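A.B. asks: What follows is each chain in one-letter form.
Number of protein chains: 2
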Amino acid sequence: MTPPGLHLNLFLHDTGHHEASWRLPDSDPHGHLSIEYHERLARIAEDAKFDSVFLADSPVLWGQVGRRPSGKLEPTVLLTALARATSRIGLIATASTTYNDPFNLARRFASLDHVSGGRAGWNIVTTAGDDAARNFGLESQPAHVERYERADEFLQVAKKLWDSWDDDAIVADKERGVHAEADRVRPIDHEGKHFRVRGPLNLPRSPQAYPVLVQAGSSEDGKDFAARHAEAVFTAQQTLAEAKAFYADVKDRARAAGRDPDHVKILPGLVPVIGSTEAEARAADAELDRLIVPEYAREQLAKTLRVDPSTLHLDRPLPADLPTEDEIEGAKSRYTLIVELARRESLTVRELIGRLGGGRGHKTFAGTPEQVADTIEHWYREGAADGFNIMPAVLPSGLEVFASEVVPILQRRGLFRREYTGPTLRDHYGLPRPANQFALAAV
Amino acid sequence: MTPPGLHLNLFLHDTGHHEASWRLPDSDPHGHLSIEYHERLARIAEDAKFDSVFLADSPVLWGQVGRRPSGKLEPTVLLTALARATSRIGLIATASTTYNDPFNLARRFASLDHVSGGRAGWNIVTTAGDDAARNFGLESQPAHVERYERADEFLQVAKKLWDSWDDDAIVADKERGVHAEADRVRPIDHEGKHFRVRGPLNLPRSPQAYPVLVQAGSSEDGKDFAARHAEAVFTAQQTLAEAKAFYADVKDRARAAGRDPDHVKILPGLVPVIGSTEAEARAADAELDRLIVPEYAREQLAKTLRVDPSTLHLDRPLPADLPTEDEIEGAKSRYTLIVELARRESLTVRELIGRLGGGRGHKTFAGTPEQVADTIEHWYREGAADGFNIMPAVLPSGLEVFASEVVPILQRRGLFRREYTGPTLRDHYGLPRPANQFALAAV
Chain D
1 MTPPGLHLNL
11 FLHDTGHHEA
21 SWRLPDSDPH
31 GHLSIEYHER
41 LARIAEDAKF
51 DSVFLADSPV
61 LWGQVGRRPS
71 GKLEPTVLLT
81 ALARATSRIG
91 LIATASTTYN
101 DPFNLARRFA
111 SLDHVSGGRA
121 GWNIVTTAGD
131 DAARNFGLES
141 QPAHVERYER
151 ADEFLQVAKK
161 LWDSWDDDAI
171 VADKERGVHA
181 EADRVRPIDH
191 EGKHFRVRGP
201 LNLPRSPQAY
211 PVLVQAGSSE
221 DGKDFAARHA
231 EAVFTAQQTL
241 AEAKAFYADV
251 KDRARAAGRD
261 PDHVKILPGL
271 VPVIGSTEAE
281 ARAADAELDR
291 LIVPEYAREQ
301 LAKTLRVDPS
311 TLHLDRPLPA
321 DLPTEDEIEG
331 AKSRYTLIVE
341 LARRESLTVR
351 ELIGRLGGGR
361 GHKTFAGTPE
371 QVADTIEHWY
381 REGAADGFNI
391 MPAVLPSGLE
401 VFASEVVPIL
411 QRRGLFRREY
421 TGPTLRDHYG
431 LPRPANQFAL
441 AAV
Chain R
1 MTPPGLHLNL
11 FLHDTGHHEA
21 SWRLPDSDPH
31 GHLSIEYHER
41 LARIAEDAKF
51 DSVFLADSPV
61 LWGQVGRRPS
71 GKLEPTVLLT
81 ALARATSRIG
91 LIATASTTYN
101 DPFNLARRFA
111 SLDHVSGGRA
121 GWNIVTTAGD
131 DAARNFGLES
141 QPAHVERYER
151 ADEFLQVAKK
161 LWDSWDDDAI
171 VADKERGVHA
181 EADRVRPIDH
191 EGKHFRVRGP
201 LNLPRSPQAY
211 PVLVQAGSSE
221 DGKDFAARHA
231 EAVFTAQQTL
241 AEAKAFYADV
251 KDRARAAGRD
261 PDHVKILPGL
271 VPVIGSTEAE
281 ARAADAELDR
291 LIVPEYAREQ
301 LAKTLRVDPS
311 TLHLDRPLPA
321 DLPTEDEIEG
331 AKSRYTLIVE
341 LARRESLTVR
351 ELIGRLGGGR
361 GHKTFAGTPE
371 QVADTIEHWY
381 REGAADGFNI
391 MPAVLPSGLE
401 VFASEVVPIL
411 QRRGLFRREY
421 TGPTLRDHYG
431 LPRPANQFAL
441 AAV
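Which chain is which? The protein sequence lines are D and R, in order. 235 is the number that our numbering gives to position 235 of the first sequence; each next residue is one higher, with no gaps. 219 is the number that our numbering gives to position 219 of the second sequence; each next residue is one higher, with no gaps.
Just chain D, with the same shape it has in the complex:
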């Protein structure tokens, strides 16, 4: 049997994606620091045969500490713990190419891939924002184009390092006294604009060779980067038409870059709010929005829009004179998405905050399990998605109901796997294991 094509990733986010989810009576406001809490979530997702779990990240304390659980365990550390609590599900960590060294980061992902038996993924981000820059000796962030240029070279270096050991380098010949063959391990001698790295990596090649490479930027630079490097793309899409256009655009760019478009999986975010009736789902959604403290959200929105908070009146639309995307130096696509959402639906600031509070720009869908499954199938069959990045508004309850109510429907319809077909994350996503660029050259 060919494995069904739909892919599901669980976006882990403390008590859920809705900013007020932590205020619900059953929510654990300390779960973000608890391994046991994350283990429970990962096991539910693995029992439901999700492809992967995913952790967003930024090397900065983001937002306001009063608003919701803030501060996070470093993703490669947290996912290593989850690797030992699970056996099949993929483990995708976000890490920045702007604020890391390729040698250290390539090694850490290779380590996670070894520890997990080939289940590591890397969500590659260039990290927007001056606040992050100020944690690393800079006054302000490098320009968008420069961050992506560095990211591209960072990936070249990382791939060379992951190829610096041949798969068969270790011979462990006790008789001869040769542990690894010296001619199967080589320096990379990379010399570029941003990096000079000698290598080799101080770690043999890992089960997947490279972690699955994931990307989430939807700007022009972001889409070009995705076309060259990404094997899965997380994206925020509000409408089917926009999602289809984005899907076709990225697949075309991948084809133009000489890659098989089937090896770039497009996964829009989906915030399901599930009830036994549509009305019950909508009521749960409204109850969450009622718990939002609007002052936090207004301040954050003003920061994203680069305007003074006093110009945002809760019961009026956004001001007319906002910057254009070209003037924004980070998170460009997110900026445009928010402004277009507000204008398309003529939302007041308070209404916009409600929409962003739930999904932070991702598509929120409140309905019955059947309705959620219908939406997923519709987008999948219409060529808008290869699968979804599932972002429950409330955790763990939103995951539990998705796993127990929605996943079986998708399985019955033949859209989603009933069992894993291989041990690695590449197996789950149907991605090839990268050939070794240096071993090939030697043939």
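The set of hints was computed from the structure by calculation and includes no laboratory data. It should be emphasised that the depicted structure is a prediction, and the values quoted were computed from it without experimental measurement. Quick reminder that beta carbons are idealized off the backbone N, C-alpha and C, glycines included. Treat the hints with care, as some may be off.
Claimed, not checked - Lysine-lysine pairs mimicking BS3-like chemistry, simulated, CA-CA at most 30 Å apart:
id	chain 1	residue 1	chain 2	residue 2
1	D	Lys-174	R	Lys-303
2	D	Lys-251	D	Lys-49
3	D	Lys-49	D	Lys-244
4	D	Lys-193	R	Lys-193
5	R	Lys-251	R	Lys-332
6	R	Lys-49	R	Lys-251
7	R	Lys-251	R	Lys-159
8	D	Lys-332	D	Lys-251
9	R	Lys-174	D	Lys-303
Claimed, not checked - For each label pair, taking beta carbons as the anchor points, the in silico distance ranges come out as:
id	chain 1	residue 1	chain 2	residue 2	range
10	D	Pro-319	R	Arg-196	32 to 40 Å
11	D	Pro-25	R	Asp-168	19 to 27 Å
12	D	Ser-87	R	Ala-172	28 to 36 Å
13	D	Glu-175	R	Asp-308	27 to 35 Å
14	D	Asp-130	R	Ala-241	54 to 62 Å
15	D	Glu-191	R	Glu-370	38 to 46 Å
16	R	Ala-257	D	Pro-25	31 to 39 Å
17	R	Asp-173	D	Thr-277	28 to 36 Å
18	D	Leu-138	R	Asp-173	30 to 38 Å
19	D	Asp-130	R	Ala-256	36 to 44 Å
20	R	Thr-311	D	Ser-87	48 to 56 Å
Assemble the complex: chain D is given as a structure, and chain R must be docked to it using the hints.
C.D. replies: Same frame as chain D, now just chain R:
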């Protein structure tokens, strides 16, 4: 009961500290990449009530790949996995202040401390050698004094970041909608010669506040650094007299720096080779030395001594005209130790290689369990050590026999704990939990 004062750390090193240990019939030459292998070692050490396990590290592929298992899992990743397989033993990872950013590294150690429930330790190294430098865009390593200057400022920054959240910052007040109190989390605004870091850390304060700070450099700069920052010192000492002098020297420096010398534990390395008779132990040691491939070792020795390999004749003493310690820019104390060992005992190059192959400069002791316990007690009572960094020549067998034969003797003599008295690594070493420098200032 006051806990007995002797401390034992297990230095994990694939198949053992002897370079030829991997060639023994029972050794697992793939163990260095296996979590299960390391879990087994950590559990044996925990059952024996060791204070901690420890991983050395350097961001470079060190030595020759044929000689022994090479390439390592990144220590914070590996120890996170071990944190989930154990519940009490401390977990000490080596990381470089020269080739990391303080923000990222401070966060990773705080994450390990959260994940392990307060069992993290950081062995702070400045990373000698041009090969490592070339993995990070440099032609050659920064000067010794500059590396230590950077390390000192790195520690200042890390401590400020670990103090950027008050212990009671998280209030999780669902009613008010306040997760953490904004005035208990603050930027650090560090501006120094090597670093400008705004903060705060994106992670609440961890169980131990700071990981236990460990240091292993024995140069003058290294000892000064230890006196200012270290809470445990790993050191290589060949004779009781030298060990006593080192012990007194570091304790004096700590006192002069205004610290309680009892809060700086001195742990010399000890390579026990244990047999049921002394003759059996010596035979096992000789068998290991017979498995050394001298060509590997000669090349490595030449590199350490900064001489051409052709000048080292296996059956003659070291050449007379070697560089002085002042001319060495890294691993100064190790260089001097090797040269002094060879000269003091009039060793040929072959004999020296045998000594270094077993302990790499650390004290090797072959004998019965009773004799090993006697040596430990003697050094401890003579004021040469607060405990030992145990480096079994062969793993896991050397650890198993130490745990089952030597530890019970030390326990019977009242020198070593029979049970852990607290949950954290600071509890095991009898070290205080650091006060928050900012919260104190606010009083």
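A.B. asks: Within 36 to 44 Å or not, the Cβ separation of D/Asp-130 and R/Ala-256?
C.D. replies: holds, 42 Å
A.B. asks: CA of R/Lys-251 to CA of R/Lys-159, is that 30 Å or under?
C.D. replies: holds, 22 Å
A.B. asks: Does the hinted range 31 to 39 Å hold for R/Ala-257 and D/Pro-25 at CB?
C.D. replies: Roughly 51 Å apart at Cβ, these two residues miss the hinted range, so it is violated.
A.B. asks: Just to be careful, I want the Cα atoms of R/Lys-174 and D/Lys-303 compared with a cutoff of 30 Å; is the pair within it?
C.D. replies: holds, 25 Å
A.B. asks: Does the Cβ-Cβ separation between R/Thr-311 and D/Ser-87 fall within 48 to 56 Å?
C.D. replies: Holds, at about 54 Å.
A.B. asks: Does D/Lys-193 pair with R/Lys-193 here, judged by a C-alpha cut-off of 30 Å?
C.D. replies: Measuring from Cα to Cα gives roughly 25 Å; hence the hint holds.
A.B. asks: Straight-line Cα separation of D/Lys-174 and R/Lys-303 no greater than 30 Å?
C.D. replies: holds, 25 Å
A.B. asks: Given a hint of 30 to 38 Å, does the C-beta separation of D/Leu-138 and R/Asp-173 actually sit inside it?
C.D. replies: The hint (30 to 38 Å, Cβ to Cβ) holds, given that D/Leu-138 and R/Asp-173 are roughly 35 Å apart.
A.B. asks: Is the hinted pair R/Lys-49 and R/Lys-251 satisfied, with a Cα-Cα distance of at most 30 Å?
C.D. replies: holds, 26 Å
A.B. asks: If I claimed the Cβ atoms of D/Glu-175 and R/Asp-308 lie 27 to 35 Å apart, would that claim hold in this structure?
C.D. replies: holds, 30 Å
A.B. asks: Is the straight-line distance between the alpha-carbon of D/Lys-251 and that of D/Lys-49 30 Å or less?
C.D. replies: holds, 26 Å
A.B. asks: Please test the hint of 28 to 36 Å on the beta carbon pair from R/Asp-173 and D/Thr-277.
C.D. replies: holds, 33 Å
Hint check: violations occur at hints 15, 16; the rest are consistent with the structure.
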